[in-house]
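Chemist: Sequence:
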Amino acid sequence: MFKARASGFFVGFGVAGALAAYQLRTDILNSHEALVKQGTEFRSGLEKRVVSLEATVSKLSAQLAAAEAKVAAAAEAEAAKVVPTTPMPEPDVDV
-7 MFKARASGFF VGFGVAGALA AYQLRTDILN SHEALVKQGT EFRSGLEKRV
43 VSLEATVSKL SAQLAAAEAK VAAAAEAEAA KVVPTTPMPE PDVDV
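So the sequence shown is numbered by our numbering: it starts at -7 and just counts up by one.
Note that these hints are calculated values from the structure, not bench results.
Since we're looking at a predicted model, the values are computed, not measured.
Heads up, the beta-carbon is just placed ideally off N, CA and C, and yes, glycines get one too.
Where hints are given, some of them may not hold.
Claimed, not checked - Okay, derived cross-link-like pairs now, SDA-like style, lysine to any residue, Cα gap no bigger than 20 Å in a straight line:
| hint | residue 1 | residue 2 |
| --- | --- | --- |
| 1 | Lys51 | Thr32 |
| 2 | Lys29 | Arg41 |
| 3 | Lys62 | Ser50 |
| 4 | Lys(-5) | Gly6 |
| 5 | Lys29 | Glu46 |
| 6 | Lys51 | Arg41 |
| 7 | Lys29 | Asp19 |
| 8 | Lys40 | Val28 |
| 9 | Lys29 | Ala47 |
| 10 | Lys40 | Gln30 |
| 11 | Lys(-5) | Val7 |
| 12 | Lys62 | Lys73 |
| 13 | Lys40 | His24 |
| 14 | Lys62 | Ala72 |
| 15 | Lys(-5) | Phe5 |
| 16 | Lys62 | Leu52 |
| 17 | Lys40 | Lys51 |
| 18 | Lys51 | Ala61 |
As the list claims (entries may be wrong) - Between beta-carbon pairs, the in silico distance windows are:
| hint | residue 1 | residue 2 | range |
| --- | --- | --- | --- |
| 19 | Glu60 | Leu38 | 30 to 40 Å |
| 20 | Thr48 | Pro79 | 29 to 39 Å |
| 21 | Ala69 | Thr48 | 29 to 39 Å |
Between the sequences and the hints, there should be enough to build the whole structure, so can you do that?
Modeler: What follows is the structure in structure tokens.
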């Protein structure tokens, strides 16, 4: 009788263990799929942000280049101005 009860217990334990392992495997696969989907969504959002930031940086770089060109042109115009000077009178010296 003990052998029948022990074998029944071990068979039940084995079946329950196999079902638990199958359920655990299914849960892990579902979790993996959810994580992959979430990672893909985050990556696409991040790529959109990077594209937006790159566009902003290129726009600001163009504005900076235009401002630097404007400053350089103003400096050249300032340097090209001729400041009229009045000649100094020569001192009267008897030698």
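Chemist: The structure should be examined with respect to each hint, and the outcome stated for every one.
Modeler: Status of the hints after comparison with the structure:
For the suggested pair Lys51 and Thr32, the alpha carbons sit about 29 Å apart, so the restraint of at most 20 Å is broken. Annotation: proposed proximity of Lys29 to Arg41 holds, straight-line Cα distance about 19 Å (limit 20 Å). Proximity of Lys62 to Ser50 is assessed by CA-CA distance (about 18 Å); at most 20 Å being required, the pair is judged to hold. Between Lys(-5) and Gly6 the CA atoms are separated by roughly 16 Å; this keeps the pair inside 20 Å, and the hint holds.
At most 20 Å may separate the alpha-carbon atoms for a hinted pair to count; Lys29 and Glu46 exceed this at roughly 26 Å. For the proposed pair Lys51 and Arg41, the alpha carbon gap of about 15 Å is at most 20 Å, so the pair holds. The straight-line distance between the Cα atoms of Lys29 and Asp19 is roughly 15 Å, inside the 20 Å bound, and the hint therefore holds. Distance hint between Lys40 and Val28 is fulfilled; the C-alpha atoms sit about 18 Å from each other, no more than 20 Å.
Between the alpha carbons of Lys29 and Ala47 the distance comes to roughly 27 Å, so the proposed pair goes past 20 Å and is violated. For the proposed pair Lys40 and Gln30, the alpha carbon gap of about 16 Å is at most 20 Å, so the pair holds. The suggested pairing of Lys(-5) with Val7 holds, with an alpha-carbon distance near 18 Å, which does not exceed 20 Å. Restraint check: the Cα-Cα separation between Lys62 and Lys73 comes to about 17 Å, which is no more than 20 Å; the hinted pair holds.
With a C-alpha separation of about 24 Å, the suggested pair Lys40 and His24 falls outside the 20 Å cut-off, and the hint is violated. Restraint check for Lys62 and Ala72: the C-alpha separation of about 15 Å stays at or below 20 Å, so the hint holds. Between Lys(-5) and Phe5, the direct Cα distance comes to roughly 15 Å. Compliance with the 20 Å bound is thereby established for this hinted pair. With a C-alpha separation of about 15 Å, the suggested pairing of Lys62 with Leu52 holds against the 20 Å cut-off.
The straight-line distance between the Cα atoms of Lys40 and Lys51 is roughly 17 Å, inside the 20 Å bound, and the hint therefore holds. Under the criterion of a C-alpha separation no larger than 20 Å, the hint pairing Lys51 with Ala61 is consistent with the structure, at around 15 Å. At about 32 Å, the beta-carbon gap between Glu60 and Leu38 stays in the expected band of 30 to 40 Å. Judged by the Cβ atoms, the range 29 to 39 Å given for Thr48 and Pro79 is violated: they are separated by roughly 56 Å.
With their beta carbons about 32 Å apart, Ala69 and Thr48 fall inside the hinted range of 29 to 39 Å.
Hints 1, 5, 9, 13, 20, counting from the list given before, are not met by this structure.
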